[in-house]
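S.K.: Protein sequences appear in the order of chains A and B. The numbering used here puts the first residue of the first sequence at 1, with every later residue one more than the last. The numbering used here puts the first residue of the second sequence at 1001, with every later residue one more than the last.
Errors might be hidden in some of the hints.
Unchecked claim - DSSO-like, lysine-lysine: derived pairs with alpha carbons at most 30 Å apart:
| id | chain 1 | residue 1 | chain 2 | residue 2 |
| --- | --- | --- | --- | --- |
| 1 | B | Lys1134 | B | Lys1106 |
| 2 | A | Lys25 | B | Lys1024 |
| 3 | A | Lys105 | B | Lys1288 |
| 4 | A | Lys312 | B | Lys1229 |
| 5 | A | Lys227 | B | Lys1260 |
| 6 | B | Lys1055 | A | Lys203 |
| 7 | A | Lys164 | B | Lys1288 |
| 8 | A | Lys164 | A | Lys279 |
| 9 | B | Lys1027 | A | Lys106 |
| 10 | A | Lys26 | B | Lys1106 |
| 11 | B | Lys1106 | A | Lys105 |
| 12 | B | Lys1288 | A | Lys312 |
| 13 | A | Lys106 | B | Lys1055 |
| 14 | A | Lys279 | B | Lys1134 |
| 15 | B | Lys1134 | B | Lys1229 |
Unchecked claim - Okay, the calculated bits of chain A under chain B, using three or more residues with CB under 8 Å as the criterion:
| id | segment |
| --- | --- |
| 16 | 254 to 261 |
| 17 | 271 to 283 |
For the record, the hints were derived by calculation from the structure and aren't laboratory data. Quick caveat: nothing in here was measured; it's all calculated off a predicted structure. Glycine included, every Cβ here is placed at the ideal spot set by N, Cα and C.
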Amino acid sequence: MATQTERLTDIGPPDFHQFLHPLIKKNYGQWKYHETLAPGVLCHVAESGDRIYTVRCGWPRLVSLHRVRFIAELADKYCGGYLRFTSRNNVEFLLDNPENIEPLKKDLAAAGFPVGGTNNSISNIVHTQGWVHCHSSATDASGIVKSVMDVLCDRFTHENLPAKLRIALACCLNMCGAVHCSDIAILGIHRRPPRVMHDTLNKVCEIPNVIASCPTGAIRSATYEGKPSVEVIEEQCMFCANCYTVCPAMPLNDPENDGLSIWVGGKVSNARSEPRFSKLAIPFIPNNPPRWPEVVDAVVNIVDVYARNARKYERVGEWIDRIGWPRFFELTGIPFTRYHIDDFRYAGLTFARSTHIRF
Amino acid sequence: MPDEKKKTPLLDELEKGPWPSFVKDIKAAAETQPMAEDLLGQLELSYKDKISHWKHGGIVGVMGYGGGVIGRYSDVPEQFPNVSHFHTMRVNMPSGWFYTSDVLRKICDIWEKHGSGLFNFHGSTGDIILLGTKTDELEPTFSELTHLGFDLGGSGSVMRTPSACVGKARCEWACYDTMGMCNEITHTYQDELHRPPFPYKFKFKFSGCPNDCVASIARADLSIIGTWKDDIQQDDAAVAQYAADGVDIQKDVCDHCPTKCMSWDGKQLKINNRECVRCMHCINVLPKALRPGKEKGATVLIGAKAPILQGAQLSSVLIPFVPADEILDTLKELVSRIWDFWGEYGNNRERVGELIQRMGMATFLDAIGLDPVPEMVSAPRDNPYIFFRKEDEVPEPEEGAGEPKQK
Chain A
1 MATQTERLTD
11 IGPPDFHQFL
21 HPLIKKNYGQ
31 WKYHETLAPG
41 VLCHVAESGD
51 RIYTVRCGWP
61 RLVSLHRVRF
71 IAELADKYCG
81 GYLRFTSRNN
91 VEFLLDNPEN
101 IEPLKKDLAA
111 AGFPVGGTNN
121 SISNIVHTQG
131 WVHCHSSATD
141 ASGIVKSVMD
151 VLCDRFTHEN
161 LPAKLRIALA
171 CCLNMCGAVH
181 CSDIAILGIH
191 RRPPRVMHDT
201 LNKVCEIPNV
211 IASCPTGAIR
221 SATYEGKPSV
231 EVIEEQCMFC
241 ANCYTVCPAM
251 PLNDPENDGL
261 SIWVGGKVSN
271 ARSEPRFSKL
281 AIPFIPNNPP
291 RWPEVVDAVV
301 NIVDVYARNA
311 RKYERVGEWI
321 DRIGWPRFFE
331 LTGIPFTRYH
341 IDDFRYAGLT
351 FARSTHIRF
Chain B
1001 MPDEKKKTPL
1011 LDELEKGPWP
1021 SFVKDIKAAA
1031 ETQPMAEDLL
1041 GQLELSYKDK
1051 ISHWKHGGIV
1061 GVMGYGGGVI
1071 GRYSDVPEQF
1081 PNVSHFHTMR
1091 VNMPSGWFYT
1101 SDVLRKICDI
1111 WEKHGSGLFN
1121 FHGSTGDIIL
1131 LGTKTDELEP
1141 TFSELTHLGF
1151 DLGGSGSVMR
1161 TPSACVGKAR
1171 CEWACYDTMG
1181 MCNEITHTYQ
1191 DELHRPPFPY
1201 KFKFKFSGCP
1211 NDCVASIARA
1221 DLSIIGTWKD
1231 DIQQDDAAVA
1241 QYAADGVDIQ
1251 KDVCDHCPTK
1261 CMSWDGKQLK
1271 INNRECVRCM
1281 HCINVLPKAL
1291 RPGKEKGATV
1301 LIGAKAPILQ
1311 GAQLSSVLIP
1321 FVPADEILDT
1331 LKELVSRIWD
1341 FWGEYGNNRE
1351 RVGELIQRMG
1361 MATFLDAIGL
1371 DPVPEMVSAP
1381 RDNPYIFFRK
1391 EDEVPEPEEG
1401 AGEPKQK
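Could you put the whole structure together from the sequences, leaning on the hints where they help?
M.R.: This is the structure:
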């Protein structure tokens, strides 16, 4: 046993076995099937006949120690202290006694935690840091997520969609949240080329690295007032901010030109159709804190149109496969613009190369 | 604080509504943590100015590590001195994100003493994010965390914190032990996780079945996705029960099958398993009746990434099937070869998927010693620009060889 003064390194994460519910430890790898008892409530049945019950609730990804201690208390009260988190920032309480499900749900409801996020619902939004903790963000993340989920909360607590629907938000093109394969992606976007800070650039950045960082070759070396610096060929800039990532003297953040774009139809799962990227629906919506009503309306509109028109089991992208993109734009009322036509690498792959046109 | 409401009128709006509010959490933490109070103030200013008030990162960390801490400084430190430095620590989560209430409380106690009292549960890559503290607090926090049994996760050009779906712990579809594998790989490559050895980041994600709950195919440089080789396990009585309970087997199951390999005559569901692509739809709809086969393992895919730099990519098939008990050894052998090749030829900030695009998959396969197989492509090439290798060319006859020349 290490003493408190001994410096430990490279110990790696703790072995997960110590955190497993005894019932899970006993039936590890021996699960037979599962049932959904209610939205957010699952029952997994083992070969042995043992049953483990899961109650899933949404919470903000950004939480205080008070909230963490609160769920720890609930876990003590109802499930021997055993809980886990999902890949989409949901909390899952793991219970061996089904009689504890309703009291737990009651306590969660009283504390304002929505229970749901299973099957054909909207699960919690995965998202990035935004203005809370990121230097390159084109928008906030937590505030938009909160605003969108306030309106879509019933879609989390009910399983009334044609299929599951995954929303994700990333606050810039770095996509720490990897939103590029979501049914609906909200993506922060810059629209102004970087402003080169000639006074400081050669002190804080390696100029060859800055030049090499640009995917379109839009940065070249230049001299300003005798100081080595760079210049940006602005018409070649597509606002990816990679130069800013390698060099702080190339900021692109701009209050009026930063905003959001909306992407649709991506998926990760292999079920039915292959995994695929989300495609552009709306190229730009200005930042409008604290509640971003235009973004919320845009997302809710897409969800509602999808819910009304898709067939059972069709994810957003599969629904659009069937009806075609022209009908998607028609049904949602979203204008199709020149920005929707790809002009980056492999652009031709998304051109319509047939006469298969729905009229 | 009577003036609290006036101080953050914009953020106060985000305390309303049915979804749990992060603003309430920052305010709750602010009651005891001065850093959280200044974070709230600076965030309000961002909401007013519509711009981030964080400066570009700086290099900070714990002794001997090249990652795990994200340096962050305020650009308005005179207004918000308690977040003048506000560095994030990434803490490697247990596989599958399982915890006990006891260990969560101990993490809270450490962070109450040393930081903002705010977390992300969890960050995008899966780590527990300790959101914001001062440079001086990094070592003491690290020390307490390691004595609790936790270590830092990855950042920068390292093997990033691997993650796994719930796998065999609570899912009947797990075709291999995702959590065990994730834990094993993470421990094997601690040096690669903590000290940047690569051109850029490298991610592993372990999904137990093709539903891919950790988005492995979209996000991991090496995606390990469970699958099976033999027939879907089928319980005919349970299928009939689903039908009796109102599931339209034809419409809800057969009609969605991507290869149309199933048929239903009202009594018997027939599956032509040779044509099944293991998509999971039928199993997802009929979990009591259908299950993955018994010959389980994983498909290994390579190269997924988000857009920066050359555009987003999904992973593509590298090894169609590895039996479950051979996955770990296969991965260890494979990554050493992949990392050697990438280390030698990769450019700065070039993910392995982009390197493969630049140099060609065939060149990559040669380098890592894998034979090409048709499962790797959706179709063979449709352009005739084939880079035939010199050794495949029939050489010109050397002088003096071949037909005897006229004297």
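S.K.: With reference to the structure, classify each hint as holding or not holding.
M.R.: Hint check results:
Among the hinted pairs, Lys1134(B) with Lys1106(B) is consistent with the structure: their alpha-carbon atoms are about 20 Å apart, no more than 30 Å. Between the alpha carbons of Lys25(A) and Lys1024(B) the distance comes to roughly 36 Å, so the proposed pair goes past 30 Å and is violated. At roughly 26 Å between alpha-carbon atoms, Lys105(A) and Lys1288(B) fall within 30 Å of each other, so this suggested pair holds. Between Lys312(A) and Lys1229(B), the direct Cα distance comes to roughly 29 Å. Compliance with the 30 Å bound is thereby established for this hinted pair.
For the given pair, Lys227(A) sits about 67 Å from Lys1260(B) by alpha-carbon distance, which is inconsistent with the 30 Å threshold. For a cut-off of 30 Å, the pair hint linking Lys1055(B) to Lys203(A) stands: about 16 Å separates their Cα positions. Taking the CA atoms of Lys164(A) and Lys1288(B), the gap is near 20 Å; set against the 30 Å cutoff, the hint holds. As the CA atoms of Lys164(A) and Lys279(A) are separated by approximately 18 Å, the hinted pair is consistent with the 30 Å bound.
Taking the CA atoms of Lys1027(B) and Lys106(A), the gap is near 25 Å; set against the 30 Å cutoff, the hint holds. For the hint pairing Lys26(A) with Lys1106(B), the CA-to-CA distance comes to about 26 Å; that is within 30 Å, so the pair holds. In summary, the hint linking Lys1106(B) to Lys105(A) is supported, as the alpha carbons are separated by about 25 Å, within the 30 Å threshold. For the suggested pair Lys1288(B) and Lys312(A), the alpha carbons sit about 20 Å apart, so the restraint of at most 30 Å is met.
Proposed proximity of Lys106(A) and Lys1055(B) is contradicted: the alpha carbons are some 43 Å apart, above 30 Å. Distance hint between Lys279(A) and Lys1134(B) is unfulfilled; the C-alpha atoms sit about 41 Å from each other, more than 30 Å. A hinted pair counts as satisfied when its Cα atoms are at most 30 Å apart, and Lys1134(B) with Lys1229(B) does not qualify at roughly 52 Å. For the segment 254 to 261 of chain A, the stated coverage by chain B holds: 4 residues have a C-beta nearer than 8 Å to a C-beta of that chain, and at least 3 were required.
For a cut-off of 8 Å, the count of residues in the segment 271 to 283 of chain A with a CB near a CB of chain B stands at 6, and the three-residue condition holds.
Comparing the model with each earlier hint shows violations of hints 2, 5, 13, 14, 15; every other hint is respected.
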